[in-house]
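Enquirer: From first to last, the protein sequence lines are chains A, B, C and D. Here the first sequence stands for residues 1 to 368, where the numbers follow my numbering. Here the second sequence stands for residues 369 to 736, where the numbers follow my numbering. Here the third sequence stands for residues 737 to 1104, where the numbers follow my numbering. Here the fourth sequence stands for residues 1105 to 1472, where the numbers follow my numbering.
By construction, these hints were calculated from the structure, which means they are not laboratory data. Do not take every clue at face value.
[Said to hold, decoys possible] Straight-line C-alpha distance at most 27 Å; calculated DSSO-like pairs for lysine-lysine: (1) K1162(D) x K426(B); (2) K850(C) x K886(C); (3) K794(C) x K58(A); (4) K745(C) x K785(C); (5) K1099(C) x K850(C); (6) K377(B) x K731(B).
[As the list claims (entries may be wrong)] Here are the simulated distance ranges between beta carbons: (7) Q1010(C) x P1224(D): 47 to 55 Å; (8) P786(C) x P514(B): 53 to 61 Å; (9) K731(B) x G784(C): 53 to 61 Å; (10) V1388(D) x D827(C): 33 to 41 Å; (11) S1239(D) x P1009(C): 37 to 45 Å; (12) N1052(C) x E215(A): 32 to 40 Å; (13) P1178(D) x Q139(A): 52 to 60 Å.
Glycine included, each C-beta is placed from N, C-alpha and C at the ideal position.
Each chain, written out:
There are 4 protein chains.
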Amino acid sequence: MLRVPADRKVNVGILGATGTVGQRFIALLADHPFFVVHALGASERSAGKPYRKAVNWKQTDPIPTAIRDLLVHPCSPQFFLDCAVVFSGLDADVAGDIEGAFRAADLAVFSNAKSYRRDPHVPLIVPLVNTSHLSVIPQQRSLHSPPLEKGFIVTNANCSTTGAVVPLAALERAFGPIESCMITTLQAISGAGYPGVPSLDIFDNVVPHISGEEEKMEWETLKILGGIAPDGAFDMHAAAPLRVSAACTRVPVLEGHTETVALRFARRPPPGPQQVRDALRAYVPEACELGCPSAPEHAVYVHEEDDRPQPRLDRNFQRGAGVSVGRVRECGVLDIKFVVLVNNVNIGAATSSIINAEVAIAKGIVQL
Amino acid sequence: MLRVPADRKVNVGILGATGTVGQRFIALLADHPFFVVHALGASERSAGKPYRKAVNWKQTDPIPTAIRDLLVHPCSPQFFLDCAVVFSGLDADVAGDIEGAFRAADLAVFSNAKSYRRDPHVPLIVPLVNTSHLSVIPQQRSLHSPPLEKGFIVTNANCSTTGAVVPLAALERAFGPIESCMITTLQAISGAGYPGVPSLDIFDNVVPHISGEEEKMEWETLKILGGIAPDGAFDMHAAAPLRVSAACTRVPVLEGHTETVALRFARRPPPGPQQVRDALRAYVPEACELGCPSAPEHAVYVHEEDDRPQPRLDRNFQRGAGVSVGRVRECGVLDIKFVVLVNNVNIGAATSSIINAEVAIAKGIVQL
Amino acid sequence: MLRVPADRKVNVGILGATGTVGQRFIALLADHPFFVVHALGASERSAGKPYRKAVNWKQTDPIPTAIRDLLVHPCSPQFFLDCAVVFSGLDADVAGDIEGAFRAADLAVFSNAKSYRRDPHVPLIVPLVNTSHLSVIPQQRSLHSPPLEKGFIVTNANCSTTGAVVPLAALERAFGPIESCMITTLQAISGAGYPGVPSLDIFDNVVPHISGEEEKMEWETLKILGGIAPDGAFDMHAAAPLRVSAACTRVPVLEGHTETVALRFARRPPPGPQQVRDALRAYVPEACELGCPSAPEHAVYVHEEDDRPQPRLDRNFQRGAGVSVGRVRECGVLDIKFVVLVNNVNIGAATSSIINAEVAIAKGIVQL
Amino acid sequence: MLRVPADRKVNVGILGATGTVGQRFIALLADHPFFVVHALGASERSAGKPYRKAVNWKQTDPIPTAIRDLLVHPCSPQFFLDCAVVFSGLDADVAGDIEGAFRAADLAVFSNAKSYRRDPHVPLIVPLVNTSHLSVIPQQRSLHSPPLEKGFIVTNANCSTTGAVVPLAALERAFGPIESCMITTLQAISGAGYPGVPSLDIFDNVVPHISGEEEKMEWETLKILGGIAPDGAFDMHAAAPLRVSAACTRVPVLEGHTETVALRFARRPPPGPQQVRDALRAYVPEACELGCPSAPEHAVYVHEEDDRPQPRLDRNFQRGAGVSVGRVRECGVLDIKFVVLVNNVNIGAATSSIINAEVAIAKGIVQL
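Starting from the given sequences, assemble the full structure and let the hints guide the process.
Expert: Pasting the structure below:
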């Protein structure tokens, strides 16, 4: 079980606290067993106000009582020095500088922004997949002079990438390398933040393009599913080249990205649909083994019904912390195809950062 | 130009006239240059009523004046003997028997139903692709005893199949056989007819399964893109095996199916994206060459903008008679990928039957 | 506090258990402090199956574990004799006969159906308004021969009526009779059950008519807000005639009815907006005083923000057991106008029946 | 018939040509019998570009060929001196200054913006109601020194006001003054322009507030339905005080505002529903009498079906130039209630300006 005593509380800070992901951090942490929201950071415009006045709250549950009157700070490290963990839901245009400054102030940053995902010293961690990549943190700290004692940055992946890599990781563990993978996404509007997608653009419509999304999916998948070379570099799945091709679309759905996935295994003959279903169900990632409180019971929940998963019915299952898979069947072109559903705001964003922090605590990387 | 004199009118009948596809037939034929709606057929419940009382009209334009008070008949051939062409928008559960009876009564039936699509003597014709398959009609007539003089059945394809095969046909004409093709569809609710999809099932949701749809797409594509063997049989693309893999989903869109398509050519090296765009733009099918009045100016309209085609903005272009393609780009797994938009109720249904009939007239297969 | 010992469990049955309202009963009762779902009734088609196979489950939470394998019975009293309370989510076309048979079998029925709402001996109870009407139960029992000992029928109101009468009751308590009331409803699709509204009818649309709904609102309001005459008859607000005019529309929203309400008080001068807000906030109905576990903390929650309540943001507040009011302001024609939001499936349906049963237990009308 | 010779063309300019209303002006004028789009004005950012590059075109029909490459100008009068009519679809924040400058340059401006609606010398004209108010133009011109010869500003009303006042005007003409009127609106998202309403705010939701909208409806109605005092001032319906109370909501509909309306006549006894229906059908405003080409055949189309009008089915009837009314029935509080549908972008915006200009030409107020 997780190495946090039952009565121990861990102070956390939230950057970008008034934004879409920031709000979800606050909602998810409201009844966390040991994380306590201690400091909130947002733009200068919000700083100095109580949270309830600074935020345009869009969650279905009301603002947690303990947070309503918490003062919002600017995103400067000085206000977060008492936080053992800092979660960042910052927009990409400011995340780079601010997260860098927080790390330099020896703070542990778990970021949902894309700014550091391609940094060769920053792990890109989907908590149900590659928490082993936390092993590069000492090296990341040593790059600073003087070396950092506690500070680092860990990023989590793009929401669509997260949905796909969890079953892919399960299948690679069971059947060896995947050779190629084709994905079409049907992404929810909440993935674009607020105000995000104008209603006139997406009502009664599909937008068959999301800027940069396909490139992210094709690249991030390699970093996440790859290993760590002896010199500490991410090997980008080098041992067995993996080709990923994504087509990303936006659909009129509030929350929950649906993805159709087809893949070809290196191994011949490939496993059949029932073997794939069994392997997905048998998959237990490290975050679950460690007993992380925000980790789902089923990393991958496999549906038997033909018409599942569906975003509206399945996105809140396990508080959106797992991934749902359905319609596992043979593919006439590659080997196997199936449908994935991922809650883009939970495991696709805030929940990933939270579980990553729980694992980092369990492994002693975050020092309490 | 089409072999119908400017002042010649052609009487047509419509079966299933009160249904979704039947209504679209009526709306589309309202200002047709030579087809005149002469007889309407529907279920016993509607028979005997003027059309405006029998129908639950759901089109945005009002019922054409000439049709409002037309009497609805039962679907018996006796009421349609003056019709040179009979369009069928019947539901699959009754289409088989009724359409068979109409053919036996020596009537020319152009059907949107699936009942005869797999019949080895009935052509399955997407009018922007394989009107050459009308050549099997004499053989179909000869199977009856005594042989039919005028009667036959021609079917058109499933709406999703239609969207995919038009660009595929254009590319095979330009670059030779396609070896494999992967398609994910995002299908509109109007594809399910009325009452069709309950709103509680599809609001804020995606349903990742449409019964029988993937099988139809994978099979129909072979019949349509294939040739005719010397013995008159459909060869199902036998010369160069073509593998098709489809994943079909329903999305909250009223009209217009979006499809992500990826394909691999037999020819190596394959054509690049610009060659593909050029070939799609250069494609002129026989229906266009013949000057069919319901055929589109562009069989395939190729968008340059990154975020097109979109169903709401592009589904009515060319009265929904063409197919829109966008985002032609390289695929990291197969060769080329792109996005297709097809108006499922127009070229994906009623417009296909209408153009098929126009071509059959132009070729003298329908006898006026 | 409620007169049910902490460790006492009360067996309940659910009629129409596979329908929309039946599913909501099951979801809401999953963690009830003393009600235990003991028997499920549905149509012959479902009877004999375990619940998970009989139902087409549409709730966001999975079927409660204790219910998944519970056997579904036909709706015959013999299977429900151990149930102290029977909740009915039956469709109106069968509810009359079945609920009558259950009452005749001396069972206590709390019905969401409309069949008995206009019965002069059956109370129509909105639990946040007129639980005092339970006083007619002895009379209802006495009409049978021999008189019933435990059996009776209590109905709850139409969902839209429920939303309006709660604030009206609060205002009549504070300021005396309301003279006239005008209501426009914007009703969610879930109010029509499943399959209910076809998506083609309501996507990108408003339907300005719901059959029978306006009549129900105008009539039920009088029965609910009225008193009991000395002879035990419902007086239909006779002392001070109340005129209600409703205009009901269906809008593309999943859950939560929005209503614009304007009203004129008998008292001159009428109270102003701030007095109205204060009175709504001060309103504590009997169900709350009795400590019913399913009653909300705030019978009426009053929003200060200009743009609230909104169905998506506010329908789940207090588990949908209260009513939200916003935009209380002067009306240029009547006295006061405001906006009401009611969760049509919770306090507008299943939650009402449940609280009614809790009150009936608290008052000793249901005999345990 | 309209005093424009068949072969005479009238040059028009469009201000705010790239915005939502500007695009609709261009789409509507594409096949106008005598208006020719001659000059386009937009913000500095767009000026100097061909229209197709400056605009983010959101209409379902493609950009008219003649407009695609028309150069966009800044909104300075110098570029519009050849235009006999200038239509303004400018945003309110810039409309005041720009429209004033155009009038000062002796140009005839027909504005959809709100800036001058409350100006005591500018008529607020709903073309199906009060074109008689054009009589104040000479006075408006005379206020300038030296007096203007051709220039003036005419505004049209808010989209929701427009929908309500057309039937109100018809009923006042038939039955004399209306005493009070209550309106609830269900407004489409296109009323907010682009980007306008964020999808996260309105998906699966109703927003019960639109800033300033209720005030506009309550005030504009008085100016439009009122007369002109002997001194040339608008009398605001002074002879018979009219009280209007509006409740405005936003619903998830793309185009077409639905309004529930209830009203009380001064005359006792009031007319019944059938008389009201007859009066609405009999109403022929001046714009129709004059034969304005953009005026609808039916100023008010009255539906008999219980469930009409509906925005999706009825908003494009008569090219959105008329108003639809349905469900005319008695009101239990006031006299009569009914449902109105108005196309907010056509007769509720661009079409109003266009018909106003047609009337002004017919009356010789615009000098060609």
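Enquirer: All hints, please: hold or fail.
Expert: Consistency of the hints with the structure:
1. Restraint check: the Cα-Cα separation between K1162(D) and K426(B) comes to about 24 Å, which is no more than 27 Å; the hinted pair holds.
2. For the hint pairing K850(C) with K886(C), the CA-to-CA distance comes to about 22 Å; that is within 27 Å, so the pair holds.
3. A threshold of 27 Å between alpha carbons decides the hint, and for K794(C) with K58(A) the separation of about 24 Å falls inside it, so the pair holds.
4. For the suggested pair K745(C) and K785(C), the alpha carbons sit about 26 Å apart, so the restraint of at most 27 Å is met.
5. Note on K1099(C) and K850(C): the hinted pairing holds, with a Cα-Cα distance of about 24 Å set against a maximum of 27 Å.
6. The hinted pair formed by K377(B) and K731(B) meets the criterion: a straight-line CA distance of about 17 Å does not exceed 27 Å.
7. In this structure the supplied range 47 to 55 Å is violated for Q1010(C) paired with P1224(D), their Cβ-Cβ distance being about 34 Å.
8. For P786(C) and P514(B), the hinted distance range of 53 to 61 Å is satisfied, since their beta carbons lie about 59 Å from each other.
9. Checked against the hint of 53 to 61 Å, the pair K731(B) and G784(C) passes, with Cβ atoms roughly 59 Å apart.
10. In this structure the hint that V1388(D) and D827(C) lie 33 to 41 Å apart at CB is violated, the actual value being about 48 Å.
11. A C-beta distance of roughly 41 Å is found between S1239(D) and P1009(C), which places it inside the suggested range of 37 to 45 Å.
12. At roughly 37 Å, the beta-carbon separation of N1052(C) and E215(A) lies within the given 32 to 40 Å, and the hint holds.
13. Distance hint check: the CB atoms of P1178(D) and Q139(A) are about 57 Å apart, consistent with the given range 52 to 60 Å.
Hint compliance for this structure: hints 7 and 10 are broken, all remaining hints hold.
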